[in-house]
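As they're listed, the protein sequences go chains A and B.
Position 106, counted from 1, in the first sequence is what the UniProt record's numbering calls 106; the numbers after and before it change by one each time, with no gaps.
Position 49, counted from 1, in the second sequence is what the UniProt record's numbering calls 49; the numbers after and before it change by one each time, with no gaps.
No lab work stands behind these hints, which were simulated from the structure alone.
Beta carbons: idealized from backbone N, C-alpha and C, even for Gly.
Some clues are possibly wrong.
To be verified - Taking lysine-lysine and the DSS-like style, the derived pairs with C-alpha atoms no more than 27 Å apart in a straight line are:
id, chain 1, residue 1, chain 2, residue 2
1, B, K98, A, K121
2, A, K110, B, K91
3, A, K110, B, K165
To be verified - Here are some of the chain A residues that sit facing chain B, going by a computed Cβ distance under 8 Å:
id, residue
4, A94
5, M100
6, E101
7, L102
8, S107
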Amino acid sequence: MSKSSVYSSPGFDFSNIVRNNFLHEKGLPLPKATSTGTTIVGCLFKDGIVLGADTRATEGPIVADKNCEKIHYITESIRCCGAGTAADTEFTTALISSNMELHALQSGRKPRVVTAMTMLKQMLFRYQGHVGAALVLGGVDSTGPHLFTIHPHGSTDKLPYVTMGSGSLAAMAVFESGWQPNMEREQALNLVKAAIAAGIFNDLGSGSNVDACIITANSTEMLRNVEMPNVRVQKERDYKFRRGTTAWKKEEIRSLVVEETVTPIGRGDEMDTS
Amino acid sequence: MRKQNAYSLTVFSPSGKLVQIEHALAAVAGGTTSLGIKASNGIVIAAEKKTSSILIDDSVIDRVAVICPNIGIVYSGMGPDFRVLVTKARKSAQAYWKIYGTYPPTRVLTQEIATVMQQATQSGGVRPYGVSLLVAGWDSHRGPTLYQVDPSGSFWAWKASAIGKNMVNAKTFLEKRYNDDISLEDAIHTALLTLKEGFEGQMTEKTIEIGVITVPTPEELEAESPDGITGRVKPTFRKLTEEEVRDYLSL
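Using the sequences and the hints, build the whole thing.
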């Protein structure tokens with residue numbers, strides 16, 4: 001029986017290593033992976049979990065994306081913030097999200113946070129740290145709210161408040177002085193915003209806006225750009241040049257379309273989906 | 001050394017028939033009835049949950065299965081074969097999602113399942129699947145569509161169809177009662193009446209299963225614009241709860 005061709009062969013492809021090393025020795029600069037730099041946080045409050053993230057993606061010293069989304073969907077009530085290599089966090093969370101949906105359909109039960117954590121850690125360990133994804137996984141399931149961190153090599157921690165990424169120290173400082181058990185929703189959200197802001201302003205790898213996500217037993221609220229402390233100022237002057245600023249010697253205008261009639265033949269450009 | 005699984009068990013008879021497929025269809029015709037009706041604003045699929053003994057715990061039986069948020073399936077025939085096909089269909093839907101970022105349109109998924117079923121008629125050492133399926137789904141290209149897939153792997157789109165034990169009577173009944181602009185509520189009502197025609201025993205919320213496709217309103221379609229990979233589409237297919245089925249039965 002033929003195997004389905006939708007699955008590509010698993011694992012990393014190291015066949016270009018020799019060539020890449022050779023080129024690097026000859027002076028070609030190796031491409032830098034886009035790293036999310038990042039400040040991501042999660043904290044437990046009375047009714048559930050609040051996750052937070054900044055929105056800057058960096059490529060070395062350059063800001064590659066000023067407003068990227070770092071809070072990824074795992075299931076309806078489970079989300080995952082990702083720090084490290086952007087592509088790794090994107091694909092890893094998408095893969096586990098797909099497998100969680102399959103698992104939920106097969107088991108007939110609402111998915112659990114520990115299931116996602118176990119799937120993620122087993123995959124990351126298998127790749128021995130080569131998949132650079134540092135994740136903050138949080139959600140609410142039938143057993144209650146849970147918050148985990150997962151490191152690229154596959155170790156996990158279960159804690160009431162966590163931070164990851166290059167801005168984690170700045171954010172943790174805010175958490176350590178501000179976190180209390182059983183906080184109200186507003187209190188928790190403000191704490192998370194303050195923690196991310198600490199990362200945004202004190203860490204070069206983090207910046208732009210604050211994203212947050214509040215997960216409770218009954219609802220998940222995605223607050224994209226809940227705070228935008230880095231809006232670009234409006235330019236004071238208008239920098240348009242008037243026509244004639246640059247002098248020209250000769251002008252020739254050619255109209256390339258003289259006349260055009262469109263005659264559709266059969267169904268025209270429409271695809272045949274019968 | 002004998003080569004394993006080299007020869008297909010499904011071969012042509014002199015009259016040009018694949019007898020194994022005929023036998024598979026007989027297995028389907030012996031299974032409990034199921035049906036599907038396409039309405040102007042949705043689809044209803046339903047099945048009898050007949051058990052061979054009153055001692056069987058029927059709350060565990062699953063005739064109507066969810067494949068992905070926009071597609072559901074019901075069957076007639078061999079339960080275990082259905083289980084295997086449902087698992088393959090679910091994996092296929094996820095594989096499609098991983099590549100294209102959306103769930104497969106109904107026709108695409110139906111084609112994948114049909115391919116699997118056809119492969120069992122042309123591969124070494126296997127037998128055809130002993131089920132016929134009714135696949136109900138919604139996609140933004142064609143709207144709500146209902147397909148029937150047979151053990152041979154052939155499939156057609158239907159406006160209304162029935163498969164299983166009572167299919168002949170049920171189809172005649174549906175032909176009389178179907179019209180192109182039937183509403184979803186009417187379709188559910190008609191489905192229940194059709195099932196009742198051939199039902200042996202009491203028809204209660206515990207002895208039938210109903211799945212429904214609802215077409216999203218334009219507002220709902222706007223709301224889930226592909227703004228990012230966060231959040232997935234709101235499900236258009238769902239199974240009715242026992243309470244909901246009871247309410248429909250009491251009408």
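Results of checking the hints against the structure:
1. For the suggested pair B/K98 and A/K121, the alpha carbons sit about 20 Å apart, so the restraint of at most 27 Å is met.
2. The hinted pair formed by A/K110 and B/K91 meets the criterion: a straight-line CA distance of about 18 Å does not exceed 27 Å.
3. This hinted pair does not check out: A/K110 and B/K165 have alpha carbons roughly 35 Å apart, beyond 27 Å.
4. Using the Cβ-Cβ criterion of 8 Å, the hint placing A/A94 at the interface with chain B is satisfied: the shortest such distance is roughly 7 Å.
5. Interface hint at A/M100: violated, since its Cβ lies 10 Å from the closest Cβ of chain B, which is beyond the 8 Å cut-off.
6. Interface hint at A/E101: satisfied, since its Cβ lies 7 Å from the closest Cβ of chain B, which is below the 8 Å cut-off.
7. The closest approach between the C-beta of A/L102 and any C-beta of chain B is roughly 5 Å, which is under the 8 Å cut-off, so the hint is satisfied.
8. Taking 8 Å as the C-beta cut-off, the interface hint given for A/S107 is violated, the closest approach to chain B being about 12 Å.
Violation of the numbered hints given earlier is confined to hints 3, 5, 8; the remaining hints are satisfied by the structure.
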